[in-house]
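Colleague: With the sequences and hints as input, model every part of the structure.
If you're matching them up, the sequences are chains A and B in order.
Using full-length UniProt numbering, the letters of the first sequence map in sequence onto residues 1 to 488.
Using full-length UniProt numbering, the letters of the second sequence map in sequence onto residues 1 to 488.
Hints were generated in silico from the structure; no laboratory data involved.
Small disclaimer: the values here were computed from a predicted structure and weren't measured.
Check before you lean on any hint, since a few could be wrong.
Pairs involving identical chains hold if they fit within one copy or between any two copies, as the list cannot separate such chains.
To be verified - Here are the computed lysine-lysine pairs in the DSS-like style, where the Cα-Cα straight-line distance is at most 25 Å:
{"no.": "1", "residue 1": "K415", "residue 2": "K434"}
{"no.": "2", "residue 1": "K23", "residue 2": "K161"}
{"no.": "3", "residue 1": "K69", "residue 2": "K380"}
{"no.": "4", "residue 1": "K11", "residue 2": "K161"}
{"no.": "5", "residue 1": "K334", "residue 2": "K11"}
{"no.": "6", "residue 1": "K10", "residue 2": "K214"}
{"no.": "7", "residue 1": "K334", "residue 2": "K23"}
{"no.": "8", "residue 1": "K97", "residue 2": "K69"}
{"no.": "9", "residue 1": "K396", "residue 2": "K468"}
{"no.": "10", "residue 1": "K369", "residue 2": "K97"}
{"no.": "11", "residue 1": "K10", "residue 2": "K334"}
{"no.": "12", "residue 1": "K334", "residue 2": "K161"}
{"no.": "13", "residue 1": "K468", "residue 2": "K50"}
{"no.": "14", "residue 1": "K222", "residue 2": "K10"}
{"no.": "15", "residue 1": "K161", "residue 2": "K24"}
{"no.": "16", "residue 1": "K11", "residue 2": "K214"}
Number of protein chains: 2
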Amino acid sequence: MADHVAVPSKKVLTMDTMNQNVKKVEYAVRGPIVQRAAQIEVELQQGVKKPFTEVIRANIGDCHAMGQKPITFFRQVLAVCLYPDLLDDNRFPEDVKSRAQRILHACSGGSLGSYSSSQGIELVRQDVARYIERRDGGIRSDPENIYLTTGASDGIVTMLKMLISGEGSSRTGVMISIPQYPLYSAALAELGAVQINYYLDEEACWSLDIGELKRALTQARKHCAPRVLCIINPGNPTGQVQSRQCIEDVIRFAAEENLFLMADEVYQDNVYADGCEFHSFKKVLFEMGPEYSSRVELASFHSTSKCYMGECGFRGGYMEVLNLDPEVKVQLTKLVSVRLCPPVTGQALMDLVVNPPEPHEPSYHTFVKERTHTLAELAKKASMTQQILNQVPGIKCNPVQGAMYTFPRIHIPPKAVSAAQENGQAPDMFYCIKLLEEMGICLVPGSGFGQKDGTYHFRMTILPPTHKLEVVLEKIKEFHLRFTQQYS
Amino acid sequence: MADHVAVPSKKVLTMDTMNQNVKKVEYAVRGPIVQRAAQIEVELQQGVKKPFTEVIRANIGDCHAMGQKPITFFRQVLAVCLYPDLLDDNRFPEDVKSRAQRILHACSGGSLGSYSSSQGIELVRQDVARYIERRDGGIRSDPENIYLTTGASDGIVTMLKMLISGEGSSRTGVMISIPQYPLYSAALAELGAVQINYYLDEEACWSLDIGELKRALTQARKHCAPRVLCIINPGNPTGQVQSRQCIEDVIRFAAEENLFLMADEVYQDNVYADGCEFHSFKKVLFEMGPEYSSRVELASFHSTSKCYMGECGFRGGYMEVLNLDPEVKVQLTKLVSVRLCPPVTGQALMDLVVNPPEPHEPSYHTFVKERTHTLAELAKKASMTQQILNQVPGIKCNPVQGAMYTFPRIHIPPKAVSAAQENGQAPDMFYCIKLLEEMGICLVPGSGFGQKDGTYHFRMTILPPTHKLEVVLEKIKEFHLRFTQQYS
Numbered sequence: 001m002a003d004h005v006a007v008p009s010k011k012v013l014t015m016d017t018m019n020q021n022v023k024k025v026e027y028a029v030r031g032p033i034v035q036r037a038a039q040i041e042v043e044l045q046q047g048v049k050k051p052f053t054e055v056i057r058a059n060i061g062d063c064h065a066m067g068q069k070p071i072t073f074f075r076q077v078l079a080v081c082l083y084p085d086l087l088d089d090n091r092f093p094e095d096v097k098s099r100a101q102r103i104l105h106a107c108s109g110g111s112l113g114s115y116s117s118s119q120g121i122e123l124v125r126q127d128v129a130r131y132i133e134r135r136d137g138g139i140r141s142d143p144e145n146i147y148l149t150t151g152a153s154d155g156i157v158t159m160l161k162m163l164i165s166g167e168g169s170s171r172t173g174v175m176i177s178i179p180q181y182p183l184y185s186a187a188l189a190e191l192g193a194v195q196i197n198y199y200l201d202e203e204a205c206w207s208l209d210i211g212e213l214k215r216a217l218t219q220a221r222k223h224c225a226p227r228v229l230c231i232i233n234p235g236n237p238t239g240q241v242q243s244r245q246c247i248e249d250v251i252r253f254a255a256e257e258n259l260f261l262m263a264d265e266v267y268q269d270n271v272y273a274d275g276c277e278f279h280s281f282k283k284v285l286f287e288m289g290p291e292y293s294s295r296v297e298l299a300s301f302h303s304t305s306k307c308y309m310g311e312c313g314f315r316g317g318y319m320e321v322l323n324l325d326p327e328v329k330v331q332l333t334k335l336v337s338v339r340l341c342p343p344v345t346g347q348a349l350m351d352l353v354v355n356p357p358e359p360h361e362p363s364y365h366t367f368v369k370e371r372t373h374t375l376a377e378l379a380k381k382a383s384m385t386q387q388i389l390n391q392v393p394g395i396k397c398n399p400v401q402g403a404m405y406t407f408p409r410i411h412i413p414p415k416a417v418s419a420a421q422e423n424g425q426a427p428d429m430f431y432c433i434k435l436l437e438e439m440g441i442c443l444v445p446g447s448g449f450g451q452k453d454g455t456y457h458f459r460m461t462i463l464p465p466t467h468k469l470e471v472v473l474e475k476i477k478e479f480h481l482r483f484t485q486q487y488s
Numbered sequence: 001m002a003d004h005v006a007v008p009s010k011k012v013l014t015m016d017t018m019n020q021n022v023k024k025v026e027y028a029v030r031g032p033i034v035q036r037a038a039q040i041e042v043e044l045q046q047g048v049k050k051p052f053t054e055v056i057r058a059n060i061g062d063c064h065a066m067g068q069k070p071i072t073f074f075r076q077v078l079a080v081c082l083y084p085d086l087l088d089d090n091r092f093p094e095d096v097k098s099r100a101q102r103i104l105h106a107c108s109g110g111s112l113g114s115y116s117s118s119q120g121i122e123l124v125r126q127d128v129a130r131y132i133e134r135r136d137g138g139i140r141s142d143p144e145n146i147y148l149t150t151g152a153s154d155g156i157v158t159m160l161k162m163l164i165s166g167e168g169s170s171r172t173g174v175m176i177s178i179p180q181y182p183l184y185s186a187a188l189a190e191l192g193a194v195q196i197n198y199y200l201d202e203e204a205c206w207s208l209d210i211g212e213l214k215r216a217l218t219q220a221r222k223h224c225a226p227r228v229l230c231i232i233n234p235g236n237p238t239g240q241v242q243s244r245q246c247i248e249d250v251i252r253f254a255a256e257e258n259l260f261l262m263a264d265e266v267y268q269d270n271v272y273a274d275g276c277e278f279h280s281f282k283k284v285l286f287e288m289g290p291e292y293s294s295r296v297e298l299a300s301f302h303s304t305s306k307c308y309m310g311e312c313g314f315r316g317g318y319m320e321v322l323n324l325d326p327e328v329k330v331q332l333t334k335l336v337s338v339r340l341c342p343p344v345t346g347q348a349l350m351d352l353v354v355n356p357p358e359p360h361e362p363s364y365h366t367f368v369k370e371r372t373h374t375l376a377e378l379a380k381k382a383s384m385t386q387q388i389l390n391q392v393p394g395i396k397c398n399p400v401q402g403a404m405y406t407f408p409r410i411h412i413p414p415k416a417v418s419a420a421q422e423n424g425q426a427p428d429m430f431y432c433i434k435l436l437e438e439m440g441i442c443l444v445p446g447s448g449f450g451q452k453d454g455t456y457h458f459r460m461t462i463l464p465p466t467h468k469l470e471v472v473l474e475k476i477k478e479f480h481l482r483f484t485q486q487y488s
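Modeller: Structure (structure tokens):
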């Protein structure tokens, strides 16, 4: 190799040579403001004086981190699955033991340490299908249409990956709501798809308007090939719950415009407001009759991370696909096989979520008590959040009908907008950074989710324990008044 | 929407409209032969008569599925982490409890159900760094360079994703060994990279020859931009263990040719042959002096799935990056944040793997006994496999120096080659399908890993329990003799 003595000195992987799509990815939920929050926590530990003693993180739907307790039954079964010697431990009720044995029996070699089939453990997929049937009033669900996933994010990215193709004006366009959960924009950037924004109607409680879908689609058809419509219901970051009528209209629109529907339904148990109810896209699709149910392509997503369980760390989830071309389904199964399988502990947990204790079983009473308590607390906090924020002049907040977030609109005075621009920051980023530095509260600026030009918001979770949430809301109130005064 | 009454009847997602890169993906380890094996299992259950009573799967490195027992200490700590009430259970030794408390303390809200930071729990990354330092004789490892992953596969795909860019003749080329583990070819197909094959030398125990690297590189430079060199050591599917000298030569080659090195070292504890030893790429890189250690970009990968623990289902792993451009590192951290975090149970398990019981702790003795037993069994099976297969005329098998596989060369008579071609099958696929149908043994044809034209192989794991492995080997012998006779 004497002919290669000249050793190149530049790095192989640089900002210029790296994947340029990755550069375009943004993910505000864990963006710069959250990194600054972590720094401040270190500074506090080091004894740096601040006008607060702890950082309260209301930036991410991380339930257990905010003190929510795991469901006892779920954790007991998982502990026995991991260490089956516990089957002889008297502390565990019989239903915990039989459930653990049932799951272990479905794992190769009777161990959670084995790979499962790539689509997920068959028993779990059967249990998921039965759960969906119960939820949707008996409409049939086929375990062959269920794919277990590494959290809902994994399923969403996998389906988008299948759907994105073409170049130039035939490149796949994907319609997403604005505001949106930034997983969508991040995945689209990474995959090089065309993002098509449709705006939710803030004045009508973040509802979805078919006329706006139509506008966005017509405009997008001029420069790309729109093929996918993504819906988040209940909404993230906006907390609305879609009416049955709205879902029907969306399905009709997708059918007429030949769009693949992706329904992100991870907050399906998180519905708080009177008169609101969760309707799955699948159920409505079937109720619209065979003209729709036999034809509209739908992928819907669920997760172990939200609802009353909040088990984010397990990365459990599933997707159900409907009306997928059979050859495409073979391709999907092949694609997921490359990653071998979703985490088996997450699969086991998903099984428990879709198949909780039954009324005659010893764990039932405690399970129902825990679930009811968690959901009641969330409902109380949803209502308190809306009430306190709406007392603040310059903050306007839609009801938190569901999910775990509020996305209030904030008035930012023109002087503050100018100050932000001088800093090279979005005005709501400027606002949130100040709130973090002065109050120790970590929120995510609305610009990270998308919003109408000239409007400003932040996303805040309703997850902190009630007494802490009250502190957060009062601090935001105090800060907002001071901020407004300072820049008036 | 009256203007859209005409309802399109075609599906949105078809073989024509789907992502064409996904169509090119192949993953033999879970390919058609494994699907056929699953069908046969169902047929056996239904009472269909076969010349065997069970299918033995030697197609995938799935340790627990093959009867390997989990390490007691690992499972005890995980059970306590999942259900902390077990902290008061007398069955668990003190080190199990203190280790569980240590991990829980590092999780937000003291729960494995919380998200971790996207790069992984800081404590676990610190423990990984200390493990690497011990392994590599004190060479410093920085926890900031450690990324916890969802199995090694996730880390490998993430790094490839970062590295692949450009179009046409400046499209990134990635050098992979042939035979290879098909995760690599699958990921390159999905990402639309150029695959550059370099052939391992079967005659020299699957060793890596720098001249061959050079040949492959020179040829590839005519049509793409080679920027990455992937190495698997110990080898999958080939079972070789690279010498220190060979690793040094590879590093020098990468430095001279300006290639980013990816070292897949998931079998680092699986070394059986006398005179063979595992050398990490990082250690050799540092021993070559600052000219190399300050400059060569390296990502190396480890996993909870292999070695003596074999915990595939947890999808735990880590990667260590070296000499990464700081701006690129920010991009990498941003990219992994979109998926929120690797499964926290897998992270906890990774922590135990890199930080097992110490000699003074109560669990030490059992831990060492279990680890030694598993590795000794594997060594015995490696040697038995090689010995029995080499007795068969027409099968030639290199020593299984490490990892969990043998990749013997099989002679397929010309008549069988013709018969396969008439079936539209690769000759070794034809062979493996017949072996499955006639003997109930599931192997993966060499064509799924790549091989020199005109040569045929299969990959077989050495994981079945000794008595079953013996049956497998004897059945292969019997089949091979009959097959050869039939087609002579």
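Colleague: Next, verify each hint and record whether it holds.
Modeller: Going down the list of hints, with the structure as the test:
1. K415 - K434: Cα proximity of K415 and K434: one copy only (15 Å, versus 78 Å across).
2. K23 - K161: Both ways: K23 and K161 sit 18 Å apart in one copy and 11 Å across, limit 25 Å.
3. K69 - K380: within (17 Å within a copy, 47 Å between copies)
4. K11 - K161: between (30 Å within a copy, 17 Å between copies)
5. K334 - K11: Answer is between; shortest inter-copy Cα gap is 20 Å, intra-copy 35 Å.
6. K10 - K214: For K10 and K214, the Cα distance is within 25 Å only across copies (20 Å; inside one copy 50 Å).
7. K334 - K23: This pair counts as between: shortest inter-copy Cα distance 9 Å, intra-copy 28 Å.
8. K97 - K69: Result: close both inside a copy and across copies, 21 Å intra and 20 Å inter.
9. K396 - K468: Intra 21 Å, inter 69 Å, cutoff 25 Å: intra-copy only.
10. K369 - K97: Cα proximity of K369 and K97: one copy only (21 Å, versus 29 Å across).
11. K10 - K334: For K10 and K334, the Cα distance is within 25 Å only across copies (23 Å; inside one copy 38 Å).
12. K334 - K161: This pair counts as both: shortest intra-copy Cα distance 13 Å, inter-copy 19 Å.
13. K468 - K50: Close inside one copy (18 Å), not across copies (66 Å); limit 25 Å.
14. K222 - K10: The answer is between: 21 Å across copies meets 25 Å, while 42 Å in one copy does not.
15. K161 - K24: So K161 and K24 pass the 25 Å test inside a copy (17 Å) and across (13 Å) alike.
16. K11 - K214: between (48 Å within a copy, 20 Å between copies)
Checked against the numbered hints above, the structure violates none of them.
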